[in-house]
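*Asks:* Residues per chain, in single letters:
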Amino acid sequence: MTDRDARPEAAATPPLHQLYQEVILDHYRRPRNKGAIAEPTHSITMNNPLCGDVIELLLEVRGGRIERAAFEGRGCSISQASASMLTERVTGRTPREALDIAARFTRMLHGDAEAAEDPALGDLRALAGVAKFPVRVKCALLPWNCLEELVDDRP
Amino acid sequence: MEARRSTHAAGAQPPEHETSGGMERTATLDVAKIRGDFPILHRKVHGRPLVYLDNAASSQKPAVVVAAVSGYFLNSHANVHRGAHQLSVEATGAYESAREAVAGFIGAAPAEVIFTRGTTEAINLVAASWGGSELREGDEILLTLMEHHSNLVPWQLAARRTGARLRFAGLTPEGRLDVEDLFAKLGPRTRIVAVTHVSNTLGVVNPVADIAARAHEAGALCLVDGAQAAPHLPVDVGAIGCDFYAFSGHKMCGPTGIGALWGRRELLEEMPPWQGGGEMISEVRLEESTWADLPHKFEAGTPSIGDAVGLGAAVRYLEQVGREAIHAHEEELTTYALDRLRELDGFRLFGPATDRVGVISFEYGDIHAHDLATILDARGVAIRAGHHCNQPLMDHLGVGATARASLYLYNTREEIDELVEGLLAARDLFGGFS
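Protein chains in written order, with this note's numbering: chain V, 1 to 155; chain X, 1001 to 1434.
Rather than coming from a laboratory, the hints here were simulated on the basis of the structure.
Warning: the hint list may mix true and false statements.
Below, computed lysine-lysine pairings styled on DSBU-like, alpha-carbon distance capped at 30 angstroms [stated by the list, open to error]:
(1) K138(V) <-> K34(V)
(2) K132(V) <-> K34(V)
(3) K1044(X) <-> K1033(X)
(4) K132(V) <-> K1044(X)
(5) K1044(X) <-> K138(V)
Per the computed footprint, the stretches of chain X lying under chain V, defined by three or more beta-carbons under 8 angstroms from a beta-carbon of chain V, are [to be verified]:
(6) 1279-1289
(7) 1394-1408
(8) 1422-1432
Ideal Cβ placement from N, Cα and C applies to all residues, glycine included.
Let's have the full structure, built from the sequences with the hints guiding it.
*Replies:* Here it is in structure tokens:
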């Protein structure tokens, strides 16, 4: 029976209900700010080559503020909901503030319990459960990677 | 191949089903006994019994294959084709006996079977060696829209180096290869037709014997990617009539990192080596060398001896179980799976319902494939989600990803039922479909 003893411990069933919260499914089914914006000042497309998820993030930055944010793309509920929530969260903020939210969000997805309580993240806290699904973390981060690429060198 | 398959299908007796210990048993294949050969199938995942339906990505290994690899290393390991000592003689014997087993598995002569790291390396070998020496500017390489990246990118590289041009045969609306389109694109400039035997996404079996015959009529060669065929169908390279056949060990109960290229002897003899080093030479001088005989000319460096021994054991295992019996079991199980899945509202199959193996790619409602895979995984059911190394095909189908359940000899009807239950649970979790 040594073979059987050497087998990996069966991990507990992952908490699917923490992952697929209603607010996430709502953003997946009724994405906000999906589609083109008239005069984007910034746009970038990133994909996850392993799974084929694609996000195009478009920003209209005027007078030092993100006046409009929108996205296009396709992928799983997590990547699409994360993009939809991103556009709502960064609209009206300065690029620096948006990057600060991206940093807090990234910490939350890496399992930081304090970040998961951060009021600055608002609705985005619904995605905290993704941290328990390591293979899905990259889905949630894809739109935020777009944001960081777009505004990183433009404080 | 096609003729053999239909003869077999016509002659097959309806399988008799008995339930024994919760496992399915057919007249031809004792699945309960087979499952006993695969220790991993008895573990749990997230507290649930493992239901492994990702066989097109990689199959699980019977204990006899693991024992062959470890037995080799524990008892007989040394370098091959070198030593004058006993262990080297034993290692060489084990390695070459594995080659004989693999050759027998596809109806070939051992000297025509080159061990590679897998299908990908086998195709790269042909594209680099044959392609590098034979292709000229304006020559055409004819592929299909359903090729795995491993039968596409090596040809892109060869085309870039030589100025040859890639052409692609399309698909029918049903998801079969459009054979008429392929024949129409065969022309005087076509030098090689490289086509998959079985699509790793659509599951469809292509008429490779007809394609090889037409390629030859047009003066072209024919390479067949057998990665998804060799594990499931009886394969006889002579009956197919192709010039090269490539496959991987890890999809057919063997270790990772080992596979084979079969090539017609006269072609292999003309082709230059693609990698240089030890093992592949006859005589080496400072300025030039001569090459070893086949197959060693294409096996530079110390080969993956243990993995080859494991592949030999895998081939013997599959032959002992019986390849016709494996095929019949999978065919019956695929029919059951398609019948059950197509009862589900929102289920959409990619690929035809007939002339196929148990590679089942699908969409389910508006739930993305990754979400399905996560929800199924929480229930112990392993499927693949993604583009399956088939990005051009995904573009053609107009999807970014599909879910894929793929079957093998050890899968059961009960496991298909688990898959169906998991899909229904996913729909509930998502609150139905919008």
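*Asks:* Hints first: check each against the structure and report whether it holds.
*Replies:* Outcome of the hint check:
1. K138(V) <-> K34(V): Status holds; Cα separation ~20 angstroms.
2. K132(V) <-> K34(V): holds, 28 angstroms
3. K1044(X) <-> K1033(X): OK: K1044(X) and K1033(X) at ~19 angstroms, within 30 angstroms.
4. K132(V) <-> K1044(X): holds, 19 angstroms
5. K1044(X) <-> K138(V): With a Cα-Cα distance of about 26 angstroms, the restraint between K1044(X) and K138(V) holds, given a limit of 30 angstroms.
6. 1279-1289: Since three or more residues must qualify, the claim that chain V covers the segment 1279-1289 of chain X is violated, with 0 doing so at under 8 angstroms.
7. 1394-1408: It holds: at least three residues are needed, and the segment 1394-1408 of chain X offers 3 whose Cβ sits within less than 8 angstroms of chain V.
8. 1422-1432: holds (count 3)
The earlier numbered hint that this structure contradicts is number 6, and it is the only one.
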